[in-house]
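Asks: Chains as they are written, first to last, in this note's numbering: chain A, 1 to 303; chain B, 1 to 303; chain C, 1 to 303; chain D, 1 to 303.
These aren't lab readings, by the way, just hints derived from the structure by calculation. From the three backbone atoms N, C-alpha and C, an ideal C-beta is built for every residue, glycine too. Watch out, some of these pointers could steer you wrong.
Here are the simulated distance ranges between beta carbons [to be verified]: (1) B:Val160 to C:Thr75: 28 to 36 angstroms; (2) B:Asp46 to A:Glu182: 55 to 63 angstroms; (3) A:Lys18 to B:Glu219: 31 to 39 angstroms; (4) B:Glu182 to A:Lys9: 27 to 35 angstroms; (5) B:Val160 to C:Thr31: 36 to 44 angstroms; (6) D:Trp82 to A:Glu36: 17 to 25 angstroms; (7) C:Thr132 to A:Ala280: 53 to 61 angstroms; (8) D:Trp82 to A:Ser15: 45 to 53 angstroms; (9) A:Tyr26 to C:Ser159: 45 to 53 angstroms; (10) C:Thr31 to A:Ala280: 33 to 41 angstroms.
Number of protein chains: 4
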Amino acid sequence: MTYQEAMLKAFEVVSHQKSRGQPATYIPELTKVDSEKFGVHIHATDGSEAGTGHHREAFSIQSISKVFSLCMAYTLLGEGLWHRLGVEPSGTAFNSLVQLEADRGIPRNPFINAGAMVICDILISQFKDPKTEFLTFVRKVAALPHLHYSSRIAESEKSVGNRNVALCHFIKSFGNIHNAPEEVLDFYFNLCSLEMSCQEVSRAFLFLANGGKTIEGEEILNPSQTKRINALMQTCGFYDESGEFAFKVGLPGKSGVGGGIVAIHPHHYCISVWSPRLNAKGNSQRGVDFLELFTTLTELSIF
Amino acid sequence: MTYQEAMLKAFEVVSHQKSRGQPATYIPELTKVDSEKFGVHIHATDGSEAGTGHHREAFSIQSISKVFSLCMAYTLLGEGLWHRLGVEPSGTAFNSLVQLEADRGIPRNPFINAGAMVICDILISQFKDPKTEFLTFVRKVAALPHLHYSSRIAESEKSVGNRNVALCHFIKSFGNIHNAPEEVLDFYFNLCSLEMSCQEVSRAFLFLANGGKTIEGEEILNPSQTKRINALMQTCGFYDESGEFAFKVGLPGKSGVGGGIVAIHPHHYCISVWSPRLNAKGNSQRGVDFLELFTTLTELSIF
Amino acid sequence: MTYQEAMLKAFEVVSHQKSRGQPATYIPELTKVDSEKFGVHIHATDGSEAGTGHHREAFSIQSISKVFSLCMAYTLLGEGLWHRLGVEPSGTAFNSLVQLEADRGIPRNPFINAGAMVICDILISQFKDPKTEFLTFVRKVAALPHLHYSSRIAESEKSVGNRNVALCHFIKSFGNIHNAPEEVLDFYFNLCSLEMSCQEVSRAFLFLANGGKTIEGEEILNPSQTKRINALMQTCGFYDESGEFAFKVGLPGKSGVGGGIVAIHPHHYCISVWSPRLNAKGNSQRGVDFLELFTTLTELSIF
Amino acid sequence: MTYQEAMLKAFEVVSHQKSRGQPATYIPELTKVDSEKFGVHIHATDGSEAGTGHHREAFSIQSISKVFSLCMAYTLLGEGLWHRLGVEPSGTAFNSLVQLEADRGIPRNPFINAGAMVICDILISQFKDPKTEFLTFVRKVAALPHLHYSSRIAESEKSVGNRNVALCHFIKSFGNIHNAPEEVLDFYFNLCSLEMSCQEVSRAFLFLANGGKTIEGEEILNPSQTKRINALMQTCGFYDESGEFAFKVGLPGKSGVGGGIVAIHPHHYCISVWSPRLNAKGNSQRGVDFLELFTTLTELSIF
């Protein structure tokens, strides 16, 4: 079965299953989204692409954006990055402070909120205008020259972000945030506010399936760095459901509370799904169901 | 560079590096092993094989044996297995009781000690003589008809196994051990006592690189189960260094405190290393160093 | 209001309140006790005494016995005792292993199960026949020359004591149990099996209200040691309800899962209550209610 | 030995012992204080008083002030207070976030930082100008009509208070802070900034030894509330050294990182000590040593 056939088949099957899970409710703006939206898009390294459902509709990519910021920091600092944070799965919820206390302010990995904040702090230390520089980086990687932060979503998150404010000051208290927490948080909330469609997401992250190069041939990461980012997405990309996702789907990936998921089959393709209802671990229910069926139908996974 | 060339090159480089780490000291019998031993062996799915160093010398495979018992239980119970234990990385040390208390006696995965004990318990419930049945299974998978438990090592572990005795009774107190803890522990200590060489280990686990079939064509697991075991070894195979191993080496694998490691490149090969000195996380220091260099030289990983 | 009047009044009021809570169900023998039993007895340092309800009926004193073993060890080792365990409230449930892991095998205090086991271990190291010596000590303190262990209850606890077996081996794994865990556990289960009536309990512990001397004038502890045991009962005597008990009742004391409580008003009296139904924290519901009302009516507490 | 004699004797002995411990260094302003300061003052319920050393020199009372705010909130809300926070010892460090996560934002007691912030939040909800109202309350209780907040110390704490900012937002994320975290923190930092001498402190808290009434006869708390505050100081007043303090000193009390301690002997006296060097648990080393010797010499404690 070709990717396109498998995609259409899996989409149809999952579309007809009863909708389960609940959309994220803690960010006011996200509650305004129609929870029955469902789209999927695939870009292969051979240049082909296909999509279906609401695959051209922009959604809040939320934590998927943490892959962009990680890649940007990685290009700047290389392996020096890992003095400030780890590469291990956290074993606890994405916004837990418990582990951070045990680990003296060193976040377990760059995909939990604490780790993403340390990455923000690193970027702030590197640039005069980090928000503009980051946007420029994403625009280049995603080939979306007109992409903007959504101030509407950023403000909405700020209004309810007490846990994140707590996290940032907590890391600061251990000395692992170097800039003003207010600035780090402002950057962090903006970073999570980006809106893209499945088609745009699967195109943007195709470089991770392509040895670090965009389809046009521009190197974003070198091959070794690319492998490592994929490894990190495999072990840490789905909060405390990362093991289950590897077990069922078998691809590196990253999810966001907006209901988006991006997954990579190295040397083959990048696929993105969007459906706002989340399972108990905070990952898109239909997104996970679709990807499990899709990899079963294609009979391919990295394992 | 061919696998064989990469293996020889990486072995030479690591052999000349200063020996670091310390062999496991808590099991008396393991302290008698020469800590400078170093061997490696690879079996490819095309039937070729190669090895060097002390690759033909038997060592205590310890926790590597947990892959055997997991596969055996998986063939018997299928996905029903996962009512008794999870598939998530633990985030804490291999013998921690903390997480087990939070998770009400459900071990995070089958490779931490608690999970391996639940697997033992499952096998005991299935068979009249589980120790003999298990040995028969390993003999078949490994094509080693004369393999035996090492009562010397099993007794040595029993003599110092207070933490494991505590673990087993603790799980029992939550109702997730159904048989007598003494019987579960006896089986567990015997299971960990197997001795094999790198050559034997890489041959035994070749089926995991071969879609679930031995090189002679016997199906041990079906293709879907095989992928899932590989996924589990990727996310959980190296205790709380699993993320780091995925990050640096990029292959599913399993380590033991005897200094052995087995790693799988699905559809390509199975490789085994042995060197008794362990790093701070309890994995073979030279084993990890060798595999990192080996996958760099072959320019191949699953990512 | 005299002690006797207050006792009768409080007993009457609480007797007429609806029975709440549940008796301990995890020890089979304890479930055979009539859960509506309710007795109370007071012994004052002036020699007077009074009781009502089922105050002359023997019940399983369970953890109350840990005060006896602590006092016995204290007389033998003095302050040297505190190298093996602490004097701080635990903040977690009485049989938790979490804190023990963080504290590397040093129990927080002698009244949680882990601490009581270390005390048993200490007594075993001191005596050829610790069970007989301990019984002799309690017989002397309690003036009950015919007191015996209840093998019925000890065996019942052993049959379900997986958590305690786990605890003991766990402490052993840190080196803070010096004797065989089996011997420590056997002593521990016997120690908890003593059966006494409210009248006997309040008489036995009167020395803690009397500067360390029995009413006949025999010194069990010196005045300084007596104060310290009382302080320990104040801060640690009621598991993770110790703060609440100090807050509401304001007296040092110790409870057991058999539904017994002993409380001390230094220089004034010792009072014992028994009612098998326990609140959510494992302390006798009517026992706590009675003591709160009793201290309110007498308008006396140590604070 | 009279209180005065015991005080002078204990002061002399401890003065000649080698200075141990380190003053608090995390608040810049506190590091400017001469770490060899040592003063003590006692006020008895019979109206007598005595002091020695630097007993008339003002120091930063820090967390001792939390007893004032607790009493003020208690008079306003009565037992309704305990819906928002508990009365149990915490078992962990004073500024830990771990327990707060497990307890879903309900602080264990009013003396850990989290609990004191909830008390601040309660007072803010009660008053238009809580800072002025609180100052008025303390001025009345302490009979110090000219007492002021030290903006110098409040600002110094704010400049390094990341952990406290984290705590406050963390509680807010559970919904147990009702007002703006910035306002709560401003009040909290001011509350901790009060400066008083040993003489003033022992006079201010004499009402807790006097059934709730000041020496002039004004009722601050009723007798039942007074007992309960004393009980709380007994079980929770010294962070995770509360058990040790009860064990060695046997009096309810409260310490601050400025090196001050206040202790109460109900119906007898209130005593205050000040010496800036702290032990490992954050309590004044000489303060604890002095009080242990003092209660030994007077042969009196509540136990």
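Asks: Each of the hints needs a verdict: does it hold here or not?
Replies: Results of checking the hints against the structure:
Checking the proposed 28 to 36 angstroms range against B:Val160 and C:Thr75 shows it holds: the Cβ atoms sit about 34 angstroms from each other. A hinted range of 55 to 63 angstroms holds for the C-beta pair B:Asp46 and A:Glu182, which are about 59 angstroms apart. Against the hinted window of 31 to 39 angstroms, the Cβ-Cβ separation of A:Lys18 and B:Glu219 comes to about 35 angstroms, which satisfies the hint. Take B:Glu182 and A:Lys9: their Cβ atoms lie about 52 angstroms apart, and the range 27 to 35 angstroms is violated.
Against the hinted window of 36 to 44 angstroms, the Cβ-Cβ separation of B:Val160 and C:Thr31 comes to about 38 angstroms, which satisfies the hint. Roughly 45 angstroms separates the CB atoms of D:Trp82 and A:Glu36, a value that falls outside the hinted 17 to 25 angstroms. Checked against the given bound of 53 to 61 angstroms, the beta carbons of C:Thr132 and A:Ala280, roughly 56 angstroms apart, stay inside it. The hinted window of 45 to 53 angstroms between D:Trp82 and A:Ser15 holds, with their beta carbons roughly 52 angstroms apart.
Distance hint for A:Tyr26 and C:Ser159: a CB-CB separation of about 48 angstroms, consistent with the stated range 45 to 53 angstroms. Distance hint check: the CB atoms of C:Thr31 and A:Ala280 are about 36 angstroms apart, consistent with the given range 33 to 41 angstroms.
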